[in-house]
Amino acid sequence: MKRNLHLLSISLVLLLSLSPLAAGGKAEQVTTPSNSLAWVEESLENGLPKVNPLKVSGNIITAGSSTVYPLSERMAERFMQEGYSGTITIDSIGSGAGFERFAVAGETDIANASRPIKDKETESAKTIGRVPLEFRIGTDALAVVVSKQNTFVQNLTKQELAKVFSTAKLWSEVNPAWPEEPIQRFIPGTDSGTFDYFSEEIFNKNAEPILSASNLQLSEDDNILVQGIKGSPYAIGFFGYAYYAENASSLNILSIEGIEASAVNVDNGTYPLARPLYLYSDASIMRNKSQVAAFIDFYLSYVNEEIVQVGYFPAPDKALEQGRTLWLDAMRGIY
Amino acid sequence: MQTQSLFGTETDINTLMGKRKRIGLLWKVAFLFSTTLAILFLILLLLTVIDSSFGYVALRNEVEPSSLIAGKKSVKDFSRAELERVAATNLSSGILRRVEYEKPLEQRTGNDLVALLEQYVIKPKVLKTWGLWDSLTHTKAIDEYSRSEEGSYLTFKSWINAEFFLADQSADPLHAGIRTAFLGSLWIILITFLFAFPIGVGSAIYLQEYAQDNRLNRILQLNIFNLSAVPSIIYGLLGLAVFVRAMQSFTSGSMFSSLTDATANGRTILSGGLTLGLLVLPVIIINTQEALKAVPASLRMSSYGVGATKWQTIWHQVLPASGERILTGTILALSRALGETAPLVVIGASTFISVDPTGIFSKFTTLPIQIYQWSARPQGAYRNLAGAAIIALLILLMLMNSTAIYTRDKLAKKKRLES
Amino acid sequence: MHEQTAHPFGKRKRIHERVIETTLFLSAMLSILITVGIAFILIRESYLFFSDPDVRLLDFLTGKKWQPMIGLFGFLPLLNATLTTSIIAMALGIPIGLFVAIYLSEYASDRSRGILKPILEVLAGIPTIVYGYFALTFMTPLLRSIFGETTVEIYNTASAGLVMGILVLPMIATMAEDAISAVPKELRLASYALGGTKIETTFRVVIPAAMSGLSATFLLALSRAIGETMIVALAAGAGPKLTANPFEAAETITGYIVRISGGDVSYNSIDYNSIFALGLVLFLITFTLNLTSRKISSLFHQEYD
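Residue numbers (our numbering), protein chains in the order written: chain A, 947 to 1281; chain B, 33 to 451; chain C, 7 to 311.
Be careful, since some hints might not be right.
Said to hold, decoys possible - So the derived label-pair ranges between C-beta atoms look like this:
1. A/S1118 x B/L57: 54 to 60 Å
2. A/P1122 x B/A147: 56 to 62 Å
3. B/L76 x A/A1123: 39 to 45 Å
4. C/K191 x B/L431: 18 to 24 Å
5. B/E134 x C/T156: 21 to 27 Å
Unchecked claim - According to the in silico footprint, chain C covers these stretches of chain B (three or more CB under 8 Å from chain C):
6. 64 to 75
7. 99 to 109
8. 126 to 135
Keep in mind the hints are simulated off the structure, nothing from the lab.
Only a predicted model underlies this, so the values are computations on that prediction, with no experimental measurement involved.
All residues carry an ideal CB built from backbone N, CA and C; glycine is no exception.
Isolated chain A, as found in the complex:
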C-alpha cells in the first residue's frame, strides 16, 4: 500500500529526470547572442561572407508561403547537413499568415512570401519596431494544372482563365467544344500569397469573382489541391510550379496565352504568370541573432544550386545582387 505509492513517486521522479536524456541526439545548444561572426570564412566573390554552418548555432524561426516552403525546406536541410546545430522551424501557413506572425505578432525571424509585402503589413511591422527587408530568392511560374485524364484542355487565354475560375459552371460555357461537365476548382486559400497573386493578375485584385465560384475547394496546403485535381478529369487548379514538378506524372500543366511555363519563358519574361519569391527579415533581428543573418547569407549564396531541383526558377541576377547589398547594409559594423 504505502510501498506502492512510494514506488509510484520514485518512478515518477525517475521519469522526470530521464526525460532530458531523451532529448539527446540533436539537442539544441545554448545560444549566446553574439555580435562576433564566428561563422565567417573568406569572402565569396560577390561580396557576401562565406558561411561555415558548423559554427552556427541558435534558433531560427520562419513561417509563411506554402510555395516557398519546399525551397526553404531544402535550404534548411542543406544548412543542417553542412553542420548547423541549432533549431530551425518552418511553418507552411500562407504568405498572409506568415506576414501576420512576422509583422504583427513578432513571432518569427523570417517571413517566406510568394507576394510582396503590403503597405499595411509594413506599417504593422514598424509599430513593433521592425523594418522589413526584402530578399528576392527565386521565381515561380504559377502552374495552372489539370489531371492527366483531362484530354481536352491544353491552353487557356487569360480571359478563359478568368471565366474558368469565376462565372462558368460547366466547361462547355467557356468553350463549346469542351464537355458539359461541372468545373471542379481547387485553389489556395485566402491566406495564401498565391491566391493574392492570382486574384491580382486575373481579376484585378478583386477576390469576389473567384470566391463566389461554384464547386470551389480551398486549402493552404497545396498537397491537398494536388490530390483533388488528380482525382477528376474535370478538375482544375493552380499553385507553385514545384508542386506540379513533384507530381508531373499525374498532372498536366496548361500553357497560358500559348506560352509554356519553362525556364526560357520565365527568364525572358514572356510567361504571363511568373512571379517573384521572397524572404523578409529585419536588420535588428539579423544583428541580434547572427544565425538568422548566417542563414540568409547561406540562402542567397546557394539558392541557385538548389532551386531548379526543387522545381522553381532562378531569380534574375540583378535581384540577387540587390539582396546581397541589402544584407551587407544590414550587417554594417558587424561585418
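Guided by the hints, dock chains B and C onto chain A, whose structure is given.
Okay, now just chains B and C, sitting in the frame of chain A:
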C-alpha cells in the same frame, strides 16, 4: 383427428412455430453477420496500414555508381580505398567539411562511408512505390514499370525500420523518420499527466468522499460528464485562446526570462500538454470516482471505527484499495491523449522542425500530427511513411495499454496475497 | 502505520484536515472553471464575430454560402456537410452496433464474448487519425471503383461518413450491450414462459426495456460523430458546399475550424472570430445532445426491483 386449441389446429401451430423459428434463425444470422463485419473492419484497417508499410520501391540514382568507378554497380562493391577517394572528391565542400569535422574520413567505417555516399552523392530518388499486396501479386507490372523507366531499379523496402525511428523529419521520403515527432508526443503526455493526474484524482476524491448531495455538487457532477463528451477540437480552441494567446508569457517561458528571444510564442509543449490535460481531466475524474465507489463502505467504516480521521482513511485505506483501478484508468486516458490530433493542430504544431524538444518551452510536433501531414501529401512514398508511422503509434499505444493491464493485474495480485 | 494514537483530537489536526478538504474542493472547482472558460471564450469571440457589421445572425443561420473573405456568412453548407457525414455514420454504426450488442448479450457464449469484447476495445482505442488515413487510402478508392471515378470525387463526404460509422461502432456496441445486459433476467424468463421465442423476446421485451440506455447511446454516438474532426479533415473536402450528394466534396464545421486554425489567421480578423462562432455552435449542438441523452436515460429508466 387433429387437436383443436385456442390457437388453431396442431398443424397450424406447427407451421406457425416453424415460421417463428425460421425468423429467429434469420435474425441470428444477421447478428452473427454484423459481428463478423465489425471484426472485418478491424482487420481491414490493420491490413491497410500494414500494406502501406512494406513494398517495392522504384528508385533512380542521380549519380550512378558505375560512373564513379567503372564496372561497379553498387556503392557497397567499392573497396575501402575507393570509398574514401570517391567521398573526398565527390562530396560537396560544405558537406565534406562537416563530415570531416565530425569524424575524418579515414576513421570512418566502411558502412559509414557507404551510407554517406548513398545519401549525398548517389542520391536515389523515389519514382514510385507499391504496397505489400501489389508487391506480392503484381510483380510483372512492377517489373514492366521498372524497365520502362530508364535507369530505375527496384528494391523491397520495409518502411518501418530502426532508421525510421531514429531519423528526424526530412523532405526526402527515403530518409524521413519520426524521432522528433515521437519525442514531442512523449513530452506532451508527460505534461498532460503532471497536470491532469493530481487535479483529477483530487477532484474525484472530493466529489466522492467529501461532497454532500446538494445542488452545487450535483451540478458539478453533471458538468464533468458533459465536459467528457465535448468534441476535442473545442478544447483546441480553448487552448488556443487561453494558453497560446492569453497566457503567452507563461507558456512561452518569457515570464521566466529563460528566453531572451523576441520571437518566443505560446505554441509550446507546455500549451499542448495543458490543453490535452484539460481534455483528459473529466475522464480521469469519472474513472477515479468509479474506482472509489467500488471500495466497500465497510472498509471506511472500520477505519473510522478505530478512530481514524477522514483523510487518514482515504490516504491509508481507500486510495490503496482503489489504486490500481485509478492507475489503469489514467494510463488509458493518457493513451487516448496520445492519439489526439485536432486540438494540437489548432494550437499550432510546427510543420517543419529539425530538432528534438529540449524543454517544455520548445516548439513541437507529435506523432499523430506527423501522420496527418504525411497522409495529406499526394506522392505515394508519403502514404508508405504515414503507414509506418501509424504502426509506430499503434505499437506505442499497445505498450501503454499493456502496461496498464499489467500494473492492474500485478497490483491486484499483490493485494490478494496481502489480504 | 497509523500514527494518530498519540494525537489528541485537537485543533491542530482539524486544520490539517480542513486544508486538505479545501485543496480537494478547489481541484473540483477547476472543472467548473474549465466549463466557464470554454463558454466564456466561445461567447466572447463569437460576440466579436457577430458584432462585425458584415455579419447578421439571420444570414448566419440561413445563408447558403460560406466565404468570409467576401462577406458571405451562411453556415448552412457547413452544417449540411456535418449532418451528412453524421447521418451516414449513424446509418452504418447503429444497425451494426446494435446487432453486435444483441449478439454479445443474448447469443454469444462466454468464450466468444471473451474474444469479441477485447476486439471491440481495440477498435475503440485506435486514434481517429488512423481512421482518417483509412478513409483516404482504402474507402475512397473502394467507392471510386464501385461507383466510378466520375461519380465519386476524390474528396467526398460518403467515404468520411462510412469510416466515421466504423469509428463509432465499438462505442455503440459496448454501450448498447451494457444497456441490454442491464435488463433483468426475469423479464426474459417471463417472456419464455409465455411461449415467446428468443428473437421475439429480444425484440418485444428486452429492447423496449433497454430503450432508455439505447437512446442515450445513439445520441452520444451522434454527438461524437458531429464533433469528429480528423476523418473529415483528411477525406471530406476543403471547401464549403451545400449539396445533397454525398459523393461530392464538402467541408464540415470541424474541418473548417481545423483548416483555418492551421493557417493561423490574425487575431480579430473575421476568419479567426468565425472559428469561435462555429465552435460555439458545435458546442451547443453536442451539449444539447449529451444533456438530452442523460435526461432520456434517467427519464425512461425503469426500476425493476
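The hints, checked one at a time:
1. A/S1118 x B/L57: 54 to 60 Å: At roughly 56 Å between Cβ atoms, B/L57 and A/S1118 fall inside 54 to 60 Å, so the hint holds.
2. A/P1122 x B/A147: 56 to 62 Å: Roughly 59 Å apart at Cβ, these two residues keep to the hinted range, so it holds.
3. B/L76 x A/A1123: 39 to 45 Å: holds, 44 Å
4. C/K191 x B/L431: 18 to 24 Å: Check failed, 40 Å falls outside 18 to 24 Å.
5. B/E134 x C/T156: 21 to 27 Å: violated, 55 Å
6. 64 to 75: Satisfied; 9 residues make the cut.
7. 99 to 109: Violated, because only 0 residues of the region 99 to 109 of chain B bring their Cβ atoms closer than 8 Å to Cβ atoms of chain C.
8. 126 to 135: violated (count 0)
This entry does not satisfy hints 4, 5, 7, 8, going by the numbered hints stated previously.
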